[in-house]
Structure formats: C-alpha cells, structure tokens
Amino acid sequence: MNEVQATDTKQDVTSNTSQDTRALLPRVDVLEDDAGITLLADLPGVPKDHLELKVEGDALVIEGAMAPFTPEKLEPVYAEVRLPRYRRSFTLSRELDASRIEANLKDGVLTLRIPKQAHAQPRRISVQVG
Amino acid sequence: MYESMWGFPSSLFELDRLQRELNEMFGFSGRPASIRSVAPGTYPAINIGSTPTSVEIYAFAPGIDSSKVEITLDRGVLTLSGERPNDLPDTNDKVSVYSRERLGGSFRRAVNVPDDVDPEHVTATYRDGVLRISLARHESAQPKRIMIR
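Protein chains in written order, with this note's numbering: chain A, 4 to 133; chain B, 467 to 615.
Each hint should be verified, as a subset may be incorrect.
To be verified - Capping the alpha-carbon separation at 16 Å, the derived lysine to aspartate or glutamate pairs in EDC-like fashion look like this: (1) K76/A <-> E522/B; (2) K560/B <-> D36/A; (3) K560/B <-> E35/A; (4) K109/A <-> D553/B.
Hints listed in this document are in silico derivations from the structure and should not be mistaken for laboratory results.
Produce the entire structure from the sequences given, and follow the hints as far as they go.
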C-alpha cells in the first residue's frame with residue numbers, strides 16, 4: 004500500500020487535524036456506465052462509524068480510521084499496515100450528481116455509486132449532413 | 467491527535483515508521499528479512515503483535531467470505547489461504563474501467579509463530595475486512611508471579 008502526504012487544501016479550523024495527518028492510500032476500482040460511476044475502495048479495519056465521505060466543491064474525499072486493535076497491551080512485532088487511517092480524494096466532473104451518492108460498506112469494502120445528472124445521460128446525437 | 471482519539475497503541479506503527487525512514491535514508495535495508503517475507507502490497511497485508519498471553523495476527527483481507535478461508539498451523543508455521551472473489555459489477559462493452567487496483571483471485575500467506583504458542587488454543591474472527599487470529603501461549607510460557615516462601 005502506498006502512502007500519501009495530505010495535500011494542501013483549503014483548511015478550516017474543524018478539518019485542520021485530519022488534513023495534517025498521514026494516511027494510507029486505499030486501493031480502488033473505478034467503473035463508468037451510462038448512468039453513473041461505481042467506485043469500490045478497500046478499507047480494511049474501518050467500521051461504519053469511522054468512515055467519512057465528504058464532497059467539498061468538486062472534490063470527493065474518502066476518509067476512514069481503523070478501529071483500535073485489541074487487546075490493548077499489544078507489542079508490535081511486525082507491521083505491513085503502518086498507519087491507522089486511509090484517505091483518498093477524487094475530482095468529480097460536472098455531469099455527476101454528488102447529492103445523490105449512495106454508499107455501502109461491507110467487510111472493509113466501500114462501494115460508492117455516483118449517478119449522472121439526468122440531463123447528462125447519453126443521448127444520441129444525430130449528424131446533419133449538408 | 468487521532469491516535470489518542472482512537473486509543474491506538476501508536477507504537478505499533480511508530481516502530482515501522484522509524485525503519486522506513488532509515489530505509490529511505492540509506493536505500494534498501496540490509497537487515498535480514500524473514501525467509502517467508504513477501505513484496506510490499508501483497509494481499510492480505512499482515513500485522514503481528516504480541517502480548518504476554520498471546521500472539522495476535524491481523525490479516526487485512528477486505529471483501530472475502532470468511533467461511534472459505536483456510537487457516538492451518540503446522541510445525542510453527544501459520545498458513546492462511548483462500549480466495550478473494552472478483553466483486554466487480556458485470557462489465558460489458560458499455561462499461562469503461564478506469565482504475566483496477568483491487569485484485570481478486572486466490573491468496574496464500576505464511577508466517578512463523580513463536581514456539582510457545584498452544585496449537586489447541588487458536589481463535590480467528592473476521593470483522594470489517596480484518597481477520598484476527600489469536601494464538602494463546604502455553605500456560606507454562608506465560609509470565610507468572612513467583613511466591614517467596
């Protein structure tokens with residue numbers, strides 16, 4: 004898994020802390036069909052209440068924190084997952100309807116469905132000859 | 467701040483951060499690695515922690531059917547194997563795939579476990595895409611308070 008440094012974006016007081024922390028870049032699949040975009044992201048360890056999806060302007064931000072490891076008195080021996088949180092953001096384009104995004108989280112896999120605006124769905128464009 | 471909020475044993479991640487920073491400074495580390503170590507990014511990623519009474523193995527395996535995972539412990543080697551279904555929605559010629567980073571297919575990983583674990587007391591749970599395998603240490607290996615007579 005790759006790591007990213009949080010990029011500098013507009014910061015306000017409330018989001019300050021999360022913007023500064025390092026996070027893992029979750030692996031994703033992105034597919035598009037006529038009616039919208041489907042995004043699948045691997046977020047193992049993130050329970051539903053630690054997942055945050057935000058749309059800021061045209062940016063979609065996926066952020067998730069892992070639930071604490073149990074038991075508490077755990078000494079690290081070996082670690083491939085080295086940060087307890089994920090973050091990844093995407094730029095949405097105008098034909099996508101961010102207000103109707105559907106999200107589902109199951110077994111550490113987030114499925115997002117971003118529909119297209121009704122008027123942006125495909126039309127056949129006839130070619131005029133002449 | 468987040469560490470304290472979620473009550474993480476932050477040292478679990480600190481240990482490796484240090485090593486990674488050293489690796490970045492000096493190129494690839496010349497430290498001996500486990501003979502069963504794998505390339506970074508292998509599915510599932512594994513973290514191992516230890517407590518006085520158990521060894522805890524966390525496999526970050528999102529999107530699997532936990533009933534189809536096989537876990538075996540044989541002569542000190544714990545093996546995890548299974549198959550991750552390809553969960554992509556049906557693709558046809560009307561679907562464009564832009565990003566394909568999540569891989570499906572069969573997986574297999576092996577880790578050495580210390581000699582003092584009790585093969586009769588191994589439990590595994592699957593939650594939020596993380597498989598946690600807890601191996602209890604033999605009672606004789608657990609720390610004991612010695613009474614002075």
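For each hint, the structure was consulted:
1. Our distance criterion of 16 Å between C-alpha atoms is met by K76/A and E522/B, whose separation comes to about 11 Å.
2. As the CA atoms of K560/B and D36/A are separated by approximately 6 Å, the hinted pair is consistent with the 16 Å bound.
3. For a cut-off of 16 Å, the pair hint linking K560/B to E35/A stands: about 8 Å separates their Cα positions.
4. Using a Cα cut-off of 16 Å, the hinted pair K109/A and D553/B holds, with the two alpha carbons roughly 12 Å apart.
When the structure is compared with the earlier hints, no violation turns up for any of them.
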